[in-house]
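On the provided structure of chain A, position chains B, C, D and E as indicated by the hints.
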Amino acid sequence: MEKSRSELGQIIIGVARDPLGLMGLIIVGVIVFCAIFAYWIVPYDPIAMDIKSRLQGPSAAHLLGTDQLGRDTFSRVIAGGQVALKVALPAVFGAMAIGLTLGMIAGYGPKWLDNLLMLFFDTIRSFPTVMFALAVVALIGPSLQTVVFVVMATSIPTYGRVARTQTLTLRNSEFILAERSMGASMARILGVHMLPNIIGVLAVLAAMDIPTVIALEAGLSFLGLGVKPPTPSWGALLKDGYSLIRQTPWLVVGGGLPIILATLGFTFLGESLRDVVDPKLRKQR
Amino acid sequence: MKIEWTKANVGRRGFLKGATALGAATALPMGWANRAFAADDGVLRVRAYGDAQNMDPAHSVGVVEEEVHASIYNKLIQYKPGEEWGWQMDAATMIEQVDPTHIKFALRDDIGFTNGFGAMTAEDVKFSMERIVDDATDSPNKPDLGPFSHVDVTSEREGTIVLNKPFAPIWSIALPYITGNIVSKAAVEAAGGRIGADPVAESGPYLRDSWSPKEKTVLKRNPDWKGDAPSWDTVEIYPIDDENTAEIAFEAGELDVTRVSLGSVERYRAGVPNGGSLVEKPSLYYVWMGMNVEHPKLQNQKLRQAIQHAVDVPSILEAAYFGAAEAATGIIAPGLAGHRASSLVPPAANFEKAAQLLAESGETNVTLTLDTLNKTTFTTTAQIIQATLAQIGITVEVNVLESGAFWASGDNENLQLVLNRFSMTPDPYYATSWFTPEQIGKWNWERFNSPEFNEIHESAAAETDIAKRAEMYQRAQDLMEESGAYRFITHEATPVIHSARVIPALRPDGLSLLRYFGKAT
Amino acid sequence: MLSFATRRFGLSLLILFVAVTVMFLMIRAVPGDPVQIMLGPRATPELQAQLTAALGLDQPIWKQLLIFYGNLLQGDLGTDVFSGRSVTDIVFQQLPFTLELIFASILWSASLGIALGAYAAAHPNTLIDRIAAAISVSFVAAPAFVVALLALLVFAVHLQWFPAIGAGEGFWDRLDHLVLPAFAIGLSWVGYIARLVRASMLEVMGESHVRTARAFGIAERRVVMVYALRIAILPVVTVIGVGMGFLLSSAVFAEIVFARPGLGKLVIDSITTRNYPIVMGSVLISTALFVVSTALADLINALLDPRARTAH
Amino acid sequence: MTDTLLEIDHLSVDYETGRGDLKALRDITFDVNKGEIVGIVGESGCGKSTLISSILRLTAPNTRFREGEIRFKGQDLLQSSERHMRELRGADISIVFQDPMQTHNPVLTIGQQMLDIQHRSKQSKPDKLAHAAKMLGAVGIPDPEARLKQYPHEFSGGMRQRIAIAMALMSEPDLLIADEPTTALDATLEVQIIERLQELQREFHCAILFISHHLGVIAELCERVVVMYAGAVVESGEVREIFHNPKHPYTRRLIECDPGHIKERARVLPTIPGEVPDLANLPGGCIFRDRCDQAMARCATEVPPLDQLKEGHHAACWLNHEEVTT
Amino acid sequence: MSLLNVVDLKTSYGPVNVLAGVSFTVQPGETYALVGESGSGKTTVIRAIAGLAPAQDGSVTFEGQEIRGAPERVMRPLRKDMAMMFQDPVGSLSPRLTIRSLITEPYRIQGMKDKDLDAEAKRLLEMVNLPTHFADRYPYQLSGGQARRVGVARALALEPKLILADEPTAGLDVSVQGELLNLLNDLRERLGLAMVIITHNLSVVRHVADRMGIMYLGRLVEEGTTETIFRDPRHPYTRCLLSANPEPDPDARLERIALKGEPPSLLKRPSGCEFRERCPFAKDICTQTPEWEVDGGHGLRCLAPLS
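Chains as they are written, first to last, in my numbering: chain A, 1 to 285; chain B, 286 to 806; chain C, 807 to 1118; chain D, 1119 to 1444; chain E, 1445 to 1751.
Chain A with its partners taken away, still in its complex shape (with noise of 0.2 Å):
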């Protein structure tokens, strides 16, 4: 236990030396805080209507202004960072979960086996997102959890077709043959030995799958298919700034931003891990 943490600990060193990790970590890591303490930072309840002062302009009181509602779009934007991770998080992590081990059984079990999987991979893939999500949705009815599943759903075949990849180039590696010599079960190679070197590149893959699914959750609200009314979340601010951006820019702004940044937070501190994990790179140090 104690190893693997200080394992952490190095990759954690090993980005914040980077700048652009640096920096990736700190936006994840306000994006984070924000989300677990929004509703103490938040200046107003992200849920309380003023339809008296309903949008207005950017402010001392409203920084960001206010929606159609006269709801604080700062405060919604703090506390839609909270939902953003709430369906970022659990949907790029169950898929991964999904994907890994469906992944390393492809990989590593028998060849029928790896065919069903690769088709079964290949098939979700080849729905178009959206029209997946509208049969999805309608079935099921929007909410957090119907995004989170689509989302899961539609990225599990990345991560199943990486990790059935990585898969077959270990499973001839002569460590994993050694395991074998030695009598090691299936499930030991592919819990102890495997996933471990497996998992790097998949969690590199997941922080930046993460903004991609906050943009995502975006486009499925934009077809009225995102969460539920009036939970704060980014995707129903851009909504709600698409149909008045005319009226009030700022609530595209609002909505925008925050992702803009996830992005780039996420996506550095990704490829920052990358360079960490890799080793490859790791060697060379």
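Think of the hints as simulated: they come from the structure by calculation, not from any bench.
Among the clues, some could well be false.
Unchecked claim - Straight line, CA to CA, 30 Å or less: simulated DSS-like cross-link-like pairs of lysine-lysine:
hint : chain 1 : residue 1 : chain 2 : residue 2
1    : E       : Lys1559   : E       : Lys1524
2    : A       : Lys111    : E       : Lys1712
3    : E       : Lys1704   : A       : Lys111
4    : E       : Lys1559   : D       : Lys1267
5    : C       : Lys869    : B       : Lys727
6    : D       : Lys1267   : E       : Lys1712
Said to hold, decoys possible - With the C-beta cut set under 10 Å, the calculated list includes, among others, these residues of chain D facing chain E:
hint : residue
7    : Gly1334
8    : Leu1339
9    : Asp1376
10   : Arg1383
11   : Pro1391
12   : Gly1392
13   : Val1394
14   : Arg1409
15   : Asp1411
16   : Gln1412
17   : Met1414
18   : Ala1415
19   : Pro1423
20   : Leu1437
All of these numbers come straight from a predicted model, not from anything done at the bench.
Glycine included, each C-beta is placed from N, C-alpha and C at the ideal position.
For chains B, C, D and E alone, coordinates are given in the frame of chain A:
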């Protein structure tokens, strides 16, 4: 802060030209998109919400298709553009109600069908109307004709429309709207009884020149049209359902006429770009919140009444309709017979009374779901309802549904609260028909079951005395409201902007009557 | 190579079959009824029953599925519920608009992305590399519909450089109409591709054959553009192939905001109106589009990479 | 001086790293005459790769040339323009790398790659291809014209290494650097390559700087040899001299360790215990001291200079100083 | 009873016959070397023995028990007695595990939870002459020689009877190579274990192996005691291999026998004697297929043996 998207002086063309001619000033009026306004090309560009896919009036699915049908076909009578509902002669030179069940008409002799299908005859009128009520046609528009029986052809251009019983909406719905379109009997029969995406024979002032699905429909002047010549040579109809896009297209000079969103009204009141004008029309739509009286949670009438009083309509109008719409008093819009001057429950919420009613109901810890469509206006409205009901301690969860699922709510017995909006034709008969007991499980989502209401709906349609008829419909709406199943919200409004070169011809509810559009000189 | 192509084709057909079947079952499980939507509030029970029967919706699902496949084998996708037109016609009428949009978007975003990525990789850790990275990355998550709308406001209304709506007629006009939508949905790809190319370039540049090329004094330009880029581009081709599916989704937004005809819009409209024949037709075509584009990517990869050619 | 081709003169090279400067090469001095085969022997971490990339000036960005000169035909390469270096690479100085499987671009045909490296030639394309085919034939690739159209992966490792040699010799360079060209190959192929290289060297009269850790190969191929250890030259001289009369303990021990050297079956083999010191954190004195069984007090404090023991034989060890022997 | 008995072992991947029938035996405590060019199938032999590569035909018995194609259930208890060492010293160590976990992995796999794993790790590290603080290091922090020793420690953890070692000195500097071989030799003597060593370095074989087999294209072409083979190779291929080993002596000019060309593709095995086309001593008779003949413990597959 308000950003004005004023037009820049230098367009792309101007840019290029300016670079060569070194005279930026000369380039000024050459803006790229200005061509739409600058050149009087005789093309009227209008926006529709959707694509007119079917050229068969019997299978028309609403206003989008009717806009084209009304231009390429003729009816005995047409709606009159203007502020008041009314009709004018079209294919008929004479039309009169000889008794409550008989209407005599005579046709003009100068209307002919294209593709060599000859002059329009009374036989065509008979064919067009009778095929709609014929079961074999599967026409969704059959109910519009009500108790229509048949047409007696008395001569080549004369005939009598026969009803089974009196039917007041014949003048306001049946004849000037979808079911009134006259098609060529010979042409339809030659086409095998069904018209598809292309008209088989046209007779109106315009001919449908081309249709690029989801892109545009082009109407061209009918050279053989003998009536009043339309002002525009060509009409291009663009299907655009996104209001923002339509407004931007208008401002970019690519549309002459479009309905705009209520949120933009304030901005356009201050001035319409390119010298255009804003026309604010009422609308026939009615928006309400319904309560499913059969749902176990909502069977208590006092609870429903408490909810009625706790919904604050002015807030909704302010936030979701941008103050551009008025509160509704019922399902029948102002200007139509049967409109109520005021509702029984005032628009503004009365939380005291609501709380009192809730206490009387004995219900506590009420949690309800509110189903609504996934459009900003509705979700905004739903959130206000959610917030105002919270004030009397009722928790509401908003279910946002995409349209396919939403419109399938009729047989959803688990429906609790629903935010709904129906369209309307200019006759009260149309409005009441959905709330009859017969419609439970179909369109009467509230499962409002009032024999008296049903009785009024049946008899009012046959009532020809306008004052009496109005009274009956007002009573019908009272019944709805008393049941506690309805909280009327608004009839919306229809703000339309048009370019300076257009004199629009709009129905009182703001819909375009393309054949009457004029040119500003 | 041939057997590889045959197997790839067989797999594509299988994917197509599974995908279409799944979508068929899924869309049927969804509440909603085209008859009700079509007839609107005016439906009488008889009429509904008649139409349901006419559309074959009264049959059990498995039978409908069989009928669907039976028709499909004869090249018939069925008839549109609303307009009575052939679904094949409708879908193929919309397809070119979406294809041209997707191609235009890929073309510009991939060219710019590859150029940016290659430049950044050739000059790693320079200021320009960092700036290019920051700018391109920030576009990755810019939602297509917001970009589209802003592009409309700026370039169509404010500057009036490009037309706002529609798809245009004739080659130049259509191209003119493509600019803004292709910009809007391609933007997020620029950064994505640039990053991908940069990473894969850096990897290739570290391989020893690049060192060999340099050791022979081959001009740096040629080393980067030919020796390294040809290999670095391979994963990009795959990503673009897969990306076609995602681009189809983005196309929906561009088609809504720019009031363009297209498959994306058709899909949305047909699903929300439960227009089953069109849903199935467009699912079939868009899945086929995806399947073909991934297969094409594999093929291009095989052409670019002689190792892949003999490996299979 | 006229027949000296390459002079490495007191060359010191560092790598800047996060842990401080890694002193990869220190005070390297030796030279290569025209038409001569010089071997460089050393185990992992001795600085062979740094030396090669320094000569070609194809160094990593964190490389720092601290001191010294690399003179090629009298001109200091470290001061030359990048343009001049490019002119030299592949023309006057060419190189064969260690791993034949990765030395060619996998997506270009061998013919294309052999065309590209003739970028300085004014010949027509068919002439260039003919020249390429001729070279392939010279290194023993059968049916060279047809094989020009093939891709690297269609050749075996041995063939690829021969192609690499053909490419390196194509411009008739004055200096060929061979960086462990046979390490990745089987013994049978190794001899084939070495013999081929000897033949070609006689034909082209180029000098070869042959880097290898395989003492047998060096002994067979080279005339002179430079022994490197941990970034420094410890001994250099005639092959025969070095192998028969090594003057540095490292050289001596290295030769002893080679099992090929021990003719009779020995269950216990000689070794050099210990590890190469950390170049980022160099101990003072002689770098081999920790592993040397003859180390003295002086070895811990002073770096032994590379002394000339006799004509053409240099060694850096205090043992060779007279005061020790007395 | 021989410890390991391999009889006519065959492996093919699709049309590629990697092993075309290999037979040999290893006695307890004996070191047996398999020698040949790359692609001759050496690695496949020991992987097939350990059940890591498929073997479609033939028989492998370990202590009298048939283990070819045996399920892992049967194999696992046997793996205590049969350990493997791999070519790549660092690459054969699971990169995310500490050295302690790595060398005690066999105990965990065999379910020996009652062992004091820390103490075992210490014992094993000491056995292979590595400092005990190495237990907390990761593979990438080790040099090739150190990693190699970790591999040895792990292979010896359960005190096996047989070690299958694939190129145990590959990638090692000459100065360290001896250390490893000495260590193995030392342990072999102390623990009495038998070894199968694969290598292409003949100099190494001479010092460590009791007997050796020479492989060509997935078959043994010659087998015998190391001494006889070095002294008197009968197969031309063996002779070529032996002569192809450059000696670290500038004056030693071996009478080198040039081997023509490269090994043929396994997909296109030559007819007759498969070495014929490269053989400097080929005769007309070599168009016939040679059989494996054993004479006084010396096996040979050649129709025109050297005397």
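Hint check:
{"no.": "1", "hint": "E:Lys1559 - E:Lys1524", "result": "holds (15 Å)"}
{"no.": "2", "hint": "A:Lys111 - E:Lys1712", "result": "holds (28 Å)"}
{"no.": "3", "hint": "E:Lys1704 - A:Lys111", "result": "violated (41 Å)"}
{"no.": "4", "hint": "E:Lys1559 - D:Lys1267", "result": "violated (62 Å)"}
{"no.": "5", "hint": "C:Lys869 - B:Lys727", "result": "holds (27 Å)"}
{"no.": "6", "hint": "D:Lys1267 - E:Lys1712", "result": "holds (22 Å)"}
{"no.": "7", "hint": "Gly1334", "result": "holds (3 Å)"}
{"no.": "8", "hint": "Leu1339", "result": "holds (8 Å)"}
{"no.": "9", "hint": "Asp1376", "result": "holds (5 Å)"}
{"no.": "10", "hint": "Arg1383", "result": "holds (6 Å)"}
{"no.": "11", "hint": "Pro1391", "result": "holds (7 Å)"}
{"no.": "12", "hint": "Gly1392", "result": "holds (9 Å)"}
{"no.": "13", "hint": "Val1394", "result": "holds (8 Å)"}
{"no.": "14", "hint": "Arg1409", "result": "holds (8 Å)"}
{"no.": "15", "hint": "Asp1411", "result": "violated (13 Å)"}
{"no.": "16", "hint": "Gln1412", "result": "violated (16 Å)"}
{"no.": "17", "hint": "Met1414", "result": "violated (21 Å)"}
{"no.": "18", "hint": "Ala1415", "result": "violated (24 Å)"}
{"no.": "19", "hint": "Pro1423", "result": "violated (24 Å)"}
{"no.": "20", "hint": "Leu1437", "result": "violated (19 Å)"}
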